[in-house]
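*Asks:* Residues per chain are reported as follows:
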Amino acid sequence: MKPVRILALLLVIALSLLTSIQAQSGKEVTIAWPQEPGVLNPMYSPNTYTGYTISLFLASAWSYNSNLEPVPVLVTEIPSLDNGGISEDNTTFTLKLKEGLTWSDGDPLDSADFLFTYEMYTNSLNAPVSRAPYELMTSVEAPDALTVVVTFPEAYAPWLSMFGQILPEHVLRPVFDADGTLDTAEFNQAPTVSSGPYIFQEWNVGNFMRFTANPNYALGQPLIETMFVRFFGDDESYVNSLIANEIQLATFFDYSYVPRVEEAGIEVQVLPAGYNEGWYFNVGPDGHPALQDVNVRKAASLAFDRFAITEDLLNGATYPGSSFWEGTPFADPDLEAVPFDPAEANRLLDEAGWVDSNSDGTRDKDGVELVLRYVTNQRSIRLEIQPIVQQQLGDVGIGVELFSYPSDQFFAGYADGGPIATGQYDIAQWSTAPGGFPDPNTRAFMCAEIPSDEEPSGSNWTFFCDEELSALFEEQAATTDFNQRVEIFQEIDRRMYESYVWVSVWFDADTWSTREPLTNANVNGVSPFWDVQNWDVITE
Amino acid sequence: MTANTSESPRPVTLTHPSAQHPPRSQMNRVARRFLRHRLAVTGSVMLIAIMLYVTLGALIFTEAQANYNDTSRRLEAPSTQHPFGTDTIGRDILARTIYGGQISLLIGVFAVSVSVTVGVMVGVVSGYYGGWIDGLLMRFTEAMLCIPSLLLLLVISKFLGGRIPDVNFLGREFSGSVIVIIAIIGLTSWMYLARIVRASVLSLKQAEFIVAAEALGAPTRRVILAHILPNILAPVIVSATLGVAGAILSEAYISFLGLGVKPPTATWGNMLDGASRFIAEAPWLWLCPGVLILITVMSINFVGDGLRDALDPRSDNKV
Amino acid sequence: MFKYILRRALQAIPLLFFISFALFGLMQASGDPLATFGGRQPLQPDDRARLARQMGLDQPFLVQYLIWLTGDDWLRWDTDGDRLADHAIIVPLADLEGQPLPPGRRYGIIRGDFGASVQMRKPAIEVIGDKIGPTLLLMGTAQVVIVIVSLVIGILSAVRQYTWVDSLLTSFSFVMYSFPIFLIALLLMYLFAIKFREWGLPYFPISGMFDPRGGVTPQEIAWHMVLPVTSISLISIAGYSRYIRSTMLEVINSDYIRTARAKGLSERRTLMVHAFKNASLPLVTLIGLDIPFLLGGAVVTEQLFGWPGLGSQFINSINASDFPVLMTLLMMISVAVVIFQILTDITYTFLDPRIRY
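Chains as they are written, first to last, in this note's numbering: chain A, 14 to 553; chain B, 683 to 1001; chain C, 802 to 1158.
Because the hints were derived from the structure by calculation, they are not lab data.
Here the structure is a predicted model, which is why all the values come from computation and not from measurement.
Certain hints may be false.
Said to hold, decoys possible - Footprint (simulated), chain C over chain A, 3 or more residues, beta carbon under 8 Å:
# : region
1 : 106-117
2 : 212-223
3 : 238-248
4 : 438-447
To be verified - Label-pair restraints from in silico Cβ distances:
#  : chain 1 : residue 1 : chain 2 : residue 2 : range
5  : A       : Gln-214   : C       : Gly-840   : 23 to 31 Å
6  : C       : Leu-1082  : B       : Thr-724   : 31 to 39 Å
7  : B       : Val-791   : A       : Gly-374   : 30 to 38 Å
8  : A       : Glu-215   : B       : Ala-731   : 53 to 61 Å
9  : B       : Ser-754   : A       : Glu-487   : 22 to 30 Å
10 : B       : Pro-765   : C       : Ser-972   : 27 to 35 Å
11 : C       : Ile-911   : A       : Glu-112   : 54 to 62 Å
12 : C       : Ser-972   : A       : Val-384   : 45 to 53 Å
13 : A       : Pro-352   : B       : Val-791   : 46 to 54 Å
14 : A       : Glu-215   : B       : Val-727   : 56 to 64 Å
15 : B       : Thr-724   : C       : Tyr-908   : 54 to 62 Å
16 : C       : Lys-1078  : B       : Ala-759   : 55 to 63 Å
17 : A       : Phe-320   : C       : Ile-911   : 53 to 61 Å
Cβ coordinates follow ideal geometry from the N, Cα and C atoms, glycine included.
Using the sequences and the hints, build the whole thing.
*Replies:* This is the structure in structure tokens:
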């Protein structure tokens, strides 16, 4: 029976690998994400939940309230033209820091940390996920300990995306000097200081993280002493844990769970994070020739009953939108979602000359069959929608071939032969958001972004080119005046709507639920912990 | 001795490399022994029932009905109208289990054809020629065996996934992923058979009639086709039968993990994809295809076990 | 004996090279790790190009394999002490828009550096290390349960051959052996977690290893292990117990057991000492060859029960094309398979003195 003894030994070893934790005192709450964060350094954050988790212990210059308006955290006020924080030419931004800010270890938090953050993001010895917008800056200066002056070479409208989270110079500078990079810093897995509402305590990989309140937080010490963060691989157990009160906050669970959560007496909020699920039509050389005709694109959109999708599959938790900026002031309020109208679709296709001349059930023209490649990644809701689209478009005589790729193949770039980036599709569906949401800026529909062998990094995967639209995108990116920018965007929105190159399938806002005993948890879909210091726990 | 130990039979399969050379004249005895095997007969009856289900069922429902979706009737519990209920986009699960079953069985049979072809070829060549060819083929076999088969399946299905367009076969449209799945299951499951065949061939090579045939100058091809192959038929048949069950399970596992056959083609495996989201609300989603897989795999295992006992001359003194 | 071990070990080296090369090729071709890097949407194009260059993902396949194998500290280095590479062979030094590269910092797998996880930016070996404990705990426990239960079933049905006990156990084995693991797991979850809860009975948890608020106690973990261990055990017991039954039968029917009986040894003593000892030989082989595969975890079971082990990690990594982690895991299993094959052979010689190498 030797093997059994060996196994017993293995068990003991395995058990001892699990660290144990002591019981905590004080108010505590458990929140949970559908995915485990990868790393706890904002430079290397690979996903939304990592970003949320980091915002628990690293404060940013400013945050966003429930209306997604910027509110100061480390700065005294949000820079503007009126308060002199923004220069007349929209290129120079002056940040005034609050006095007496400290890290959780008592070290002062000042402009040197801002400079350090800028330096780390742009230093070629580090490999951060994104360098935007730091790489665009011409200079970052600190005239004194409480002032940071940032200069861009030209007017830069999405400036609010800078200084998301500030790195501690006094902790990380020595590490950088010793290792020559921050890529491998121990801080990335176990941060030792905090400037945010909570202090990192432990990370039991695969299971949970534990945070405790930071008395030195710029907005005051949080009322809840201990915050556990858990991770769930699948929605089923995630939602069950919420209902069973094992966790008090859950987000991003599938819309199909909304009724079950609500039946359990827990409110579900659907909060915008800038995302919209949409159809991208390939109007490039590798797309179906019929898609060059805007009326064919319109007909395909009219033939797809997106209202049934949101009503039945998504349990009415959301709706088909009309705009890439749905639910923001930048969307034209007069536009309405493309209706479901197969009769009109048939009429448009007949008019465009696509008729079923060989009676095979699929329309054709000049010997070309109207068969479109409909491509998605393998998220389960999209795989469910695939046969629905095939059936509904089939009803108006458009043949549909279904393709689905794992996400890492679907989103692969032009140089890697990604199916979307290289135009190997006719209709593609995925969900996307403006990169710096709530800022509306995007470059995905500009002529200059069309990928090619010379420009493999282009992000315009519809291959759509409208010079006037591109000019409008350039113009908004250099306009810091809110109202002026709204006007330009509404014009962009109208043009996009009429071009039928991108059509909203649904407004892809995130589900958020908090339950008692957690109260006063005022979250939003961009910075959920902007008000965490005021969250509380009802004690019986 | 060393060759033998490194080749220890795979633990969890029920195959035993001892079933060899049934004399042809004994075919009747084999049949009689099989029919006396109670589990084997039960298995055969169940298997025939499943075959009737997926073939006769297709006379009642058309494939268009199996693929017809209507989101307004999603997740309906079993009723007289939909005896097995409806799935997440309102398709009739009964009709889908019929057409899904066809594909699942098809995948099982074709995948095993691939693995038997490769396994027998590798085993015969390796065992018959020996030398460096044997060394090379057996090292390759060993390499394939070093990776847990499910992990290997997942890596390869990721590699091939999404690349093949729909295909038309016997007048029906299939997702191209069916071919991919057949290929990857077949190409990752031939190793044990190859070893069994090699061992049989090695022992056969010493047999007098082979030595005699070779001495009489029979061409190698003829020796292999006429003398060796018929004599290794028994382990191949047993292994192939059990292999079908294994292939159906493999298809279900990779589909369950989201890397299987793609819509709209139904298989018992991909009907389970995402069903775990509805463990409580819609148990019929996973219960119906799951139980069909169970019954099929079980009856094939019964038949395989019966065949082994029937083909194994030693089983006489056990009964 | 020693020569034999040495020969086997040397034979294994080209085998492992071949496996690593084939797997590396498969993974390079099966997905772009940077494609899902931005989380819910693609990375900004210029960031993507920069990261590909910084992580060496823009290199040709053979160069990437060479770096994975031998590291890149000898391919790109710094001579003037400014921490930026100024000399390079094989890999290009050429920069992207004036951004120089740091010197190579990787040592390659032959010097014990398994590379860093693309997603988590920490050594792949640490990613595996974080998950190996839960997997060993789950699979080890299951393996112990499987061996014990199948010994009982196997011996019982061999001793009581062709009685109703035997046929009952045999049928049970066959049914369980044919069960898809997810069907067992879903049925257990449905009954013992969901229905029991509805009926107000004590119910089992269905996700994770423990509830962090309760503290990480052995009882808590054991409670969470019940359903997954049961699922894994039920389907594997069949294979083992059938195997034990047939080897026991062979031994029982052999001459020396008849001799033992004839000598007048008690039936119990005959069975336990003689029959079992001889039947344990194939069992050792079986367990020995199975152990390395435990490292792969039970992919489906871990996934279903949210168990934070190597199986779930494998799925996460394969979805993200995080090939340093995948390669580390698969190579670790391959090496374990080779080692356990040799160990099994050695154990054999101890148990059966007739075998000599």
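*Asks:* Quick one: are Glu-215/A and Val-727/B within 56 to 64 Å, going by C-beta?
*Replies:* Holds - the Cβ-Cβ distance for Glu-215/A and Val-727/B, about 59 Å, lies within 56 to 64 Å.
*Asks:* Using the C-beta atoms of Pro-765/B and Ser-972/C, is the stated range 27 to 35 Å upheld?
*Replies:* Because 28 Å falls inside the window, the suggested range holds.
*Asks:* Quick check on a hinted range of 22 to 30 Å for Ser-754/B and Glu-487/A, using CB atoms only.
*Replies:* Given range 22 to 30 Å: violated, Cβ gap about 46 Å.
*Asks:* For the region 212-223 of chain A, do three or more residues have a beta carbon lying closer than 8 Å to a beta carbon of chain C?
*Replies:* Contact hint for the region 212-223 of chain A vs chain C: holds, 6 residues under 8 Å.
*Asks:* State whether the coverage of the region 238-248 of chain A by chain C holds or is violated, taking the criterion as 3 or more residues with Cβ-Cβ distances under 8 Å.
*Replies:* holds (count 5)
*Asks:* Quick check: does the Cβ-Cβ distance between Phe-320/A and Ile-911/C fall within 53 to 61 Å?
*Replies:* Taking Cβ atoms as reference, Phe-320/A and Ile-911/C lie about 59 Å apart, which means the hint holds.
*Asks:* Just tell me: holds or violated, for the beta carbon distance of Ser-972/C and Val-384/A against 45 to 53 Å?
*Replies:* Since the Cβ atoms of Ser-972/C and Val-384/A sit about 52 Å apart, the hinted range of 45 to 53 Å holds.
*Asks:* Quick check: do three or more residues in the region 106-117 of chain A have a beta carbon closer than 8 Å to a beta carbon of chain C?
*Replies:* violated (count 0)
*Asks:* Hint says 31 to 39 Å; check whether the CB-CB distance for Leu-1082/C and Thr-724/B agrees.
*Replies:* 34 Å, holds
*Asks:* Is the distance from the Cβ of Pro-352/A to the Cβ of Val-791/B consistent with 46 to 54 Å?
*Replies:* Hint holds: Cβ distance 48 Å, inside 46 to 54 Å.
*Asks:* Is it true that Glu-215/A and Ala-731/B lie within 53 to 61 Å of each other by Cβ?
*Replies:* 57 Å, holds
*Asks:* Between Gln-214/A and Gly-840/C, is the Cβ distance one that fits in 23 to 31 Å?
*Replies:* Given a distance of about 25 Å, which is inside 23 to 31 Å, the answer is holds.
The structure is inconsistent with the numbered hints 1, 9, although it conforms to all the rest.
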